[in-house]
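Chemist: Given chain A's structure and the hints, the job is docking chain B onto it.
Going down the list, the sequences are from chains A and B. For the first sequence, position 35 matches number 35 in UniProt numbering, and the numbering has no gaps at all. For the second sequence, position 141 matches number 141 in UniProt numbering, and the numbering has no gaps at all.
Everything labelled a hint here was simulated from the structure, so no lab data went into it. Possibly wrong hints are sitting among the right ones.
The list cannot tell twin chains apart, which means a pair is met if one copy fits it or any two copies do.
What the hints assert, rightly or not - Within a straight-line C-alpha distance of at most 20 Å, the following computed DMTMM-like cross-link-like pairs (lysine to aspartate or glutamate) qualify:
1) K77 to D178
2) K156 to E213
3) K156 to E93
4) K32 to E222
Read off the chains here:
Protein chains: 2
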Amino acid sequence: MTSPLVTAIHSRDNAFVKDLRRLAQDSTQYRKQGRVWVEGDHLCRAALTRGQRVSIAVFSESFWPLAQVEWALAASKTIVLSDALFADISGLESPARMGFIIELPAATALQPDAATVVLDRVQDAGNVGSILRSASAFGFRQVLALKGSAALWSPKVLRAGMGAHFALDLIEAASLEDLQPLRVPMLVTHVHEGDFLHRAELPWPCAWVLGHEGQGVSAELEGRASRRIRIAQPGGEESLNVAAAAAICLHASASAR
Amino acid sequence: MTSPLVTAIHSRDNAFVKDLRRLAQDSTQYRKQGRVWVEGDHLCRAALTRGQRVSIAVFSESFWPLAQVEWALAASKTIVLSDALFADISGLESPARMGFIIELPAATALQPDAATVVLDRVQDAGNVGSILRSASAFGFRQVLALKGSAALWSPKVLRAGMGAHFALDLIEAASLEDLQPLRVPMLVTHVHEGDFLHRAELPWPCAWVLGHEGQGVSAELEGRASRRIRIAQPGGEESLNVAAAAAICLHASASAR
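If we strip away everything but chain A, and leave its shape as in the complex, we get:
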């Protein structure tokens, strides 16, 4: 195997550096560039394990000599940045020392019979990432995000997802019409109405719909749902965090299989 091509960059004004900075700091830039910035060893390892194609491996200068050969060989092209430049590009408070640029996975077609999570304008990157982790943990392989949800491949959602992205089929910027082919029963949570989750007989596979942090699931989407389910909250508070509610619902479905 030939040694990969290694390029050292020290200038902030380098064109590659400028593109990478946008990719790392702007949540929707990946859509324009068609590629994704995956930062830190945990995420990069998850990407490799799941067979993602790495376009470019990026290392900080001080870490490069310590990098595992496996990582350096993962990409046909390797870029080494000065530590200051790497820190400047990273969106993290504690920047990692390496990252991969991978191709944005091609959009997959909706699988009508797959266990699915539908995100109806869930806004917070941490919530979306946590929901992707729960989906992957509980065997929901397909996640469809309606327009207005956080950008799934943004650096913040990727970080919160902890690698779950690479185990899922993700569809984003979807419209309500895109949900039409779905044949599995659609369940929505409701604060005051519906069957209590802990007593409900849950269908499998199914699609759980999770709504906007403030407004919940839209009336139109709720109207299309097969069932409304509520989570008993004996403590008296009126609402859970959406990612907490998602975890409870997806776990209940997985346990009922």
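Modeler: Relative to chain A, chain B alone:
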């Protein structure tokens, strides 16, 4: 009732403004000042509903004429800040237009027989806030945070908690010794060992222990637990977000009562 004293401030260098800025932006400042910054109408309403004593009500200049009388009368002292100053003080991307300064609730003594959540160095403010919401929703009235956990009354945790703080007895900066008096059985989640949650007979009341995002629950604390419980993850991922795991466990306990 006499009209409350209203003071208008326009200077960034005003001593009150400087203290408030620290309180709103520094996560542990409340411990030094013995008071808490509660920003935005949702949180302020939750504080009032739960009988918190408001020391000072703070309004932006443009919102002040529109403020509800109830809010203006909640505090014996009212401060009106120019809009620019309010935005500068706020830690939020979209600053609210009003907030309360409340006294830091006095530390409560540990209740040995109460349903309890123990935070073992949970770091992320969003996670801690979400766990407080779940605790409150599922009837766990007592939360004890061990040293190394996120500061419970920090602005970020308060925001993520959505008012749950005011419904709970919170103990923070606790040591393992502080847990000694606890008489309810202590449960920890484990990735590979213990009874599966969905089949376990759960005791009530109990204490759920939730651990550090990367390291989990410390070995010492795990050694003190009565039982290890695992969450079945048929999808194959190895870990859930800690707030997601917390929601699942607390809901299971509440459903088993």
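Chemist: Does each hint hold? Answer for all of them.
Modeler: Here is how each hint holds up against the structure:
For a Cα distance limit of 20 Å, the shortest separation of K77 from D178 qualifies neither inside one copy, at 37 Å, nor across copies, at 54 Å. In this assembly of identical chains, the alpha carbons of K156 and E213 lie at most 20 Å apart whether taken from the same copy (17 Å) or from different copies (16 Å). Within a single copy, K156 and E93 get their C-alpha atoms as close as 12 Å, and across copies as close as 16 Å, so both meet the 20 Å cut-off. In the homo-oligomer, the alpha carbons of K32 and E222 never lie at most 20 Å apart, since the shortest distance is 32 Å inside one protomer and 47 Å across protomers.
When the structure is compared with the earlier hints, violations turn up for hints 1, 4 and for no others.
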